[in-house]
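The whole structure should be built from the sequences, with the hints applied where relevant.
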Amino acid sequence: MLSATGIEVRYGDHLALRGIDFRARAGEVSAIVGPNGSGKTSLLGAITATVPYRGAVMLNGRDIAGQRPWELAAQRAVLPQAARLAFPFTVLEVVRLGLQAGTSGARDEVPMLALSRVGMTEHAGRSFQDLSGGEAQRVMLARVLAQVWAPVADGQPRWLLLDEPVASLDIAHQLQVMDLARDFARAGGGVVAVMHDLNLTALYSDAVTVLSRGRCLASGHPRDVMTDDTLSEAYGCSLRVSVPPAEGLPYILPQSAAQW
Amino acid sequence: MAELSGVVPPVRNRLGRARALHWGLALALLGCCFLSLQIGAADVSLTALLGKVARGEALGAMERIVLLEIRLPRLAMGAMVGAALAVSGAVMQGLFRNPLADPGIVGVASGAGLGAILAIVLGAMLPGWFLALAGNQLVPWAAFVGGWGTTLLLYRVSTRGGRTSVATMLLAGIALGALAGALSGILVYMADDQQLRDLTFWGLGSLAGASWAKVLAAGPLIAVALCVAMFLGRALNGLALGEATAHHIGIDVQRMKTVAILAVACATGAAVAVSGGIGFIGIVVPHLLRLASGPDHRMLLPNAALLGAALLILADVIARTIIAPGELPIGIVTAVLGAPIFLWILLRRRGFVEV
Numbered sequence: 001m002l003s004a005t006g007i008e009v010r011y012g013d014h015l016a017l018r019g020i021d022f023r024a025r026a027g028e029v030s031a032i033v034g035p036n037g038s039g040k041t042s043l044l045g046a047i048t049a050t051v052p053y054r055g056a057v058m059l060n061g062r063d064i065a066g067q068r069p070w071e072l073a074a075q076r077a078v079l080p081q082a083a084r085l086a087f088p089f090t091v092l093e094v095v096r097l098g099l100q101a102g103t104s105g106a107r108d109e110v111p112m113l114a115l116s117r118v119g120m121t122e123h124a125g126r127s128f129q130d131l132s133g134g135e136a137q138r139v140m141l142a143r144v145l146a147q148v149w150a151p152v153a154d155g156q157p158r159w160l161l162l163d164e165p166v167a168s169l170d171i172a173h174q175l176q177v178m179d180l181a182r183d184f185a186r187a188g189g190g191v192v193a194v195m196h197d198l199n200l201t202a203l204y205s206d207a208v209t210v211l212s213r214g215r216c217l218a219s220g221h222p223r224d225v226m227t228d229d230t231l232s233e234a235y236g237c238s239l240r241v242s243v244p245p246a247e248g249l250p251y252i253l254p255q256s257a258a259q260w
Numbered sequence: 001m002a003e004l005s006g007v008v009p010p011v012r013n014r015l016g017r018a019r020a021l022h023w024g025l026a027l028a029l030l031g032c033c034f035l036s037l038q039i040g041a042a043d044v045s046l047t048a049l050l051g052k053v054a055r056g057e058a059l060g061a062m063e064r065i066v067l068l069e070i071r072l073p074r075l076a077m078g079a080m081v082g083a084a085l086a087v088s089g090a091v092m093q094g095l096f097r098n099p100l101a102d103p104g105i106v107g108v109a110s111g112a113g114l115g116a117i118l119a120i121v122l123g124a125m126l127p128g129w130f131l132a133l134a135g136n137q138l139v140p141w142a143a144f145v146g147g148w149g150t151t152l153l154l155y156r157v158s159t160r161g162g163r164t165s166v167a168t169m170l171l172a173g174i175a176l177g178a179l180a181g182a183l184s185g186i187l188v189y190m191a192d193d194q195q196l197r198d199l200t201f202w203g204l205g206s207l208a209g210a211s212w213a214k215v216l217a218a219g220p221l222i223a224v225a226l227c228v229a230m231f232l233g234r235a236l237n238g239l240a241l242g243e244a245t246a247h248h249i250g251i252d253v254q255r256m257k258t259v260a261i262l263a264v265a266c267a268t269g270a271a272v273a274v275s276g277g278i279g280f281i282g283i284v285v286p287h288l289l290r291l292a293s294g295p296d297h298r299m300l301l302p303n304a305a306l307l308g309a310a311l312l313i314l315a316d317v318i319a320r321t322i323i324a325p326g327e328l329p330i331g332i333v334t335a336v337l338g339a340p341i342f343l344w345i346l347l348r349r350r351g352f353v354e355v
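So the protein lines, in turn, are chains W and Z. Residue numbers are given in UniProt numbering: position 142 of the first sequence equals residue 142, and the series is strictly consecutive. Residue numbers are given in UniProt numbering: position 216 of the second sequence equals residue 216, and the series is strictly consecutive.
Derived from the structure by calculation, the hints contain no laboratory data. C-beta: ideal position from N, C-alpha, C; glycine also. You can trust all of the hints, since none of them are fake.
Pair by pair, the computed Cβ-Cβ distance ranges are:
no.: 1; chain 1: Z; residue 1: V228; chain 2: W; residue 2: A167; range: 37 to 43 Å
no.: 2; chain 1: Z; residue 1: L153; chain 2: W; residue 2: Y251; range: 55 to 61 Å
no.: 3; chain 1: Z; residue 1: R348; chain 2: W; residue 2: I171; range: 34 to 40 Å
no.: 4; chain 1: Z; residue 1: V157; chain 2: W; residue 2: D154; range: 41 to 47 Å
no.: 5; chain 1: Z; residue 1: R348; chain 2: W; residue 2: D229; range: 53 to 59 Å
no.: 6; chain 1: W; residue 1: G236; chain 2: Z; residue 2: V228; range: 52 to 58 Å
Which stretches of chain W does chain Z cover? Using the computed rule of at least three CB atoms under 8 Å from a CB of chain Z, they are:
no.: 7; stretch: 44-50
no.: 8; stretch: 83-96
Following this line, the structure appears as structure tokens:
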């Protein structure tokens, strides 16, 4: 279980999150959606202890505030929005960076397996700085997967915390990445993903939290949360949600670009 | 992990190459040490002396002095200073995530320079007992205190609420460097002829004043700083991904930055104090090593220590033999060798790295 209670995030005078409660269960893909500036990344920042916050974040029953970085790193891996690398490390070296200190012996097996999961095996020896945006994103995902390779360790679930994991990917790789996230959850791990694509969210998530202007508008199963009214209010434009009987999952059609 | 068989293509193992390079550099350093003891303005060579010892002949006083009191401390100081400058450069570049960063950039070297110039120009105004006590140690220690003070001030300016902003630190370093330069300029204006001469030679950098006293003054500081720096490899690798991601993969970023800054202040301050402004070692050495065996800091830092020491010893041999019995300041040699390489790095860079 990952739970955040009464989370406030402030940047100078701007209150980005105004007291949010958020829960994610192991075994599920939990999505966070909302318009630009609604506080999605701030919420993920609080959960990952990247930005200063008020409130409490509990990871597997322990407050993250009292834990050392390496303790947290053993329990959860974080995929950032955009990755820049300062020095010409190779793809394999970048994936290795996620491994805990002291991991030795068959040191390259997990990174190579992680690379094969994202279809980047043949690029292992290339310089990371030469990759395209989408390739770099997939290598970063491999790094994150390698960090928490076993979804359950010592009887505790491990967590993937993903900030827009499919942002710069083509549609085939979007599905590949979301499949990986779902597999991780099905194997007992927990996944929290900040998402922009509402249809992918409906297709892959077990729980959705809708943020708007730093508040939580709704949260629950996609079928219950992703409604015309909630989404239209959150995004400030007219959205039509349908549920085709064959799939039983909502899909979202924008009605017009005009301000709602 | 049978799943893996067949999917692993041959990937260049640069860490293995870096380890091989390590032993190669160790041998090269030994070679440079031999050269440094063998060659010099005086007609004294290590092999001839060893031959004498082997034959059971006594060494002459002159030979003994040249070897033990001139060349050996000079060799020790060259190794110390070279290793300190190269490792400080590598750590700074990792910290700033910029391959062109150098202790010179964050003002440590300028601060140390100001300290030295203060001591040279205004030292005579100090009370006589103090001068008697300080002796010829006054300039090195003033340089060290100047570098240290600059680092503390810089750290104070760029740290808010326990977080150090690298961008602020870089800008503050430029400002402090300019201020130190301006104050140094005023002092140079006040200096008399003899002082100007001292200033010029100190500023160009030289190992000419090497003595066991200086080795003992700077050695422990540099040794401690280098030992500490060797443990920063994994953290600096993580920092290449940015501070947030470094934290996410388990690195205590704030503590690492504090340790790295202190180590650099110590090593650079002590090196500048005994040898003056020797440039380019801190940029050129890590860059060459990254080209040869990749940017992994776990091997880059120890290799930088070896290559830095070897290069500076070699540069010193060149500096004191090329116009023998005269001697070039070593800073001129490193600049002539280093500046073109620095420009070459700039030309070859594919993109700019964000600070």
